[in-house]
Amino acid sequence: MSKYLFYPGCSLQRTARPYIDSLLAIRELIGLELEEIEDWNCCGATEYVAVHHVAAYALVGRNLALAARQVDGTHTVMAACSACYLNLAKTDSYMRQDAHLAQQVNTALDAGGLQYTPGTVKVRHLLDIIVNDLGIEAVRAKVVRPLKGLRVAPYYGCMIARPDRDNRWDNVEHPLALDRLLKALGAEVIDFPMKTHCCGGHMTQINQASAYELIRRLIHGAAEYHADIMVTLCPMCQLNLDAYQSEMNRYFRTNYHVPIIYFTQLMGLAFGLEAEALGLGKEFVDPRPALSRIGIELPAAEPETVTVVEQPRRKKKDSGLPMPRMPGSKEADE
Amino acid sequence: MTEQQNLPAYQAASLPPFIPGSFLKEVMDATPGDSRLQMCIQCGTCGGSCPSAADMDHTPRQIFAMIRADMREAVLRSNTPWYCVSCYYCTVRCPQEVHITDVMYTLKRMAIREKLYDDSTAPDFSQTFIGYIENFGRSFEFGLATRHNLRHRPLQLPSMVPFGLGMLTKGRMDLTPQRIENIEQLQAILNRAIELEAT
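From first to last, the protein sequence lines stand for chains Z and R.
First residue of the first sequence? That's 34 in our numbering, and the numbers climb one at a time after it.
First residue of the second sequence? That's 3 in our numbering, and the numbers climb one at a time after it.
Hints are not guaranteed to be accurate.
Here are some of the chain Z residues that sit facing chain R, going by a computed Cβ distance under 7 Å [unchecked claim]:
{"id": "1", "residue": "THR79"}
{"id": "2", "residue": "ALA88"}
{"id": "3", "residue": "TYR127"}
{"id": "4", "residue": "LEU134"}
{"id": "5", "residue": "GLY145"}
{"id": "6", "residue": "GLU170"}
{"id": "7", "residue": "GLY234"}
Worth flagging that the hints you see were computed from the coordinates, not collected in a lab.
Glycine included, each C-beta is placed from N, C-alpha and C at the ideal position.
With the hints as extra help, turn the sequences into a complete structure.
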């Protein structure tokens, strides 16, 4: 068993509950021992640093200082969320480089009776630890139900591979760690050209047209390669691509259906674990058809509690110029 | 500059001189580490790599030229930093290794401090988000989404009901925020940090 200090982050407590559930379910099988950082706080995502400078680094500094107090046999802090990973790594790296910032952060931490010496802990992402510490072979050895015939798009998102100031990854634009891991599970991994493109981040809350276009590019890319399913390792990416996929389809009048699940869920399935223990079934885009293709049957969906009645579009009565219609579209036939 | 002394002579000699009190110097000083912003060669790799460039008033390259030209207000009023999605493509592709994403964060902070923005959606989102952190120590999606959308997109709220109910019934969202145990400690740290920013 290899032991790591664990920073779960806010998303894993709620929107990405299936991520942590599946991680905890596979943890023993892959020999991962986790010790949660006590009373950790939010990393600030991409928002705190847009408002405050010293406070944004002090916010993360508190987590690093708390982690440093728990250092016992391991110096490695593991985060599963990309934004948490980047914020922790970036704060430690900037505190190492910028003595003035390090001093300001420590002056702030002092107000709470804490101190942090930059470099005390090493910050790493879950995928990095699984692939580079525990090893692909250890994963392969646990596979009892190979995902043969399942075409998977490996989606890394932006913030784990970039900016990568500590050189943790093989490539900042086309990393291969997740590809190799998924191949070890027996899956057919597509050479996904959009693997580190942006999912839209917080844009769904700020400018939807802009967010939907970024979501469309990724979903379209995966569909072009006939991927059955897309695998992600970030709560924000999963939320944007899954929960907003139908909105995106409505916006562009498309009909994509690409289920988005966490790589830990797919690992659990290949290890023969039950879908329920892996948090499967909480997606907006149903992964059942894709998984049943390779003989993995998930329990039936709960009855839909919300039915949305689509209101027919009201026709304008003005005698303006006719709008262009796509051939074969509904309105053109009327 | 101390960085200039650490560089090989041929590079140090080619560094553009800082004009004291220039906007360029101000932006660089407000960015952690060495942002290398004065090294920009106006190649445009940043804008070409940016997934949001089409929505921006100015591409990152243009913004950097404007910073050098001391066009303070035009830079801070630009929507460019608010469309940055923090994907870091520009940062890793920049041949001069300018920390572009971090410079965008600096511009956001300056624009918020001076209230120089035409569309308040993104600045308000950031401020609502951090308000929950300051009160609870954790983010709170349900509160954030409801509050932000009530303020900025009230007419679209009905269309978001299926999303919200879906999140709640799937157990992916809570109606109440979680609070960390030692919130007083966090608040003391953040208050001290914000005092330091003011000096």
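Do the hints match the structure? See the list:
no.	hint	verdict
1	THR79	5 Å, holds
2	ALA88	4 Å, holds
3	TYR127	4 Å, holds
4	LEU134	5 Å, holds
5	GLY145	4 Å, holds
6	GLU170	30 Å, violated
7	GLY234	4 Å, holds
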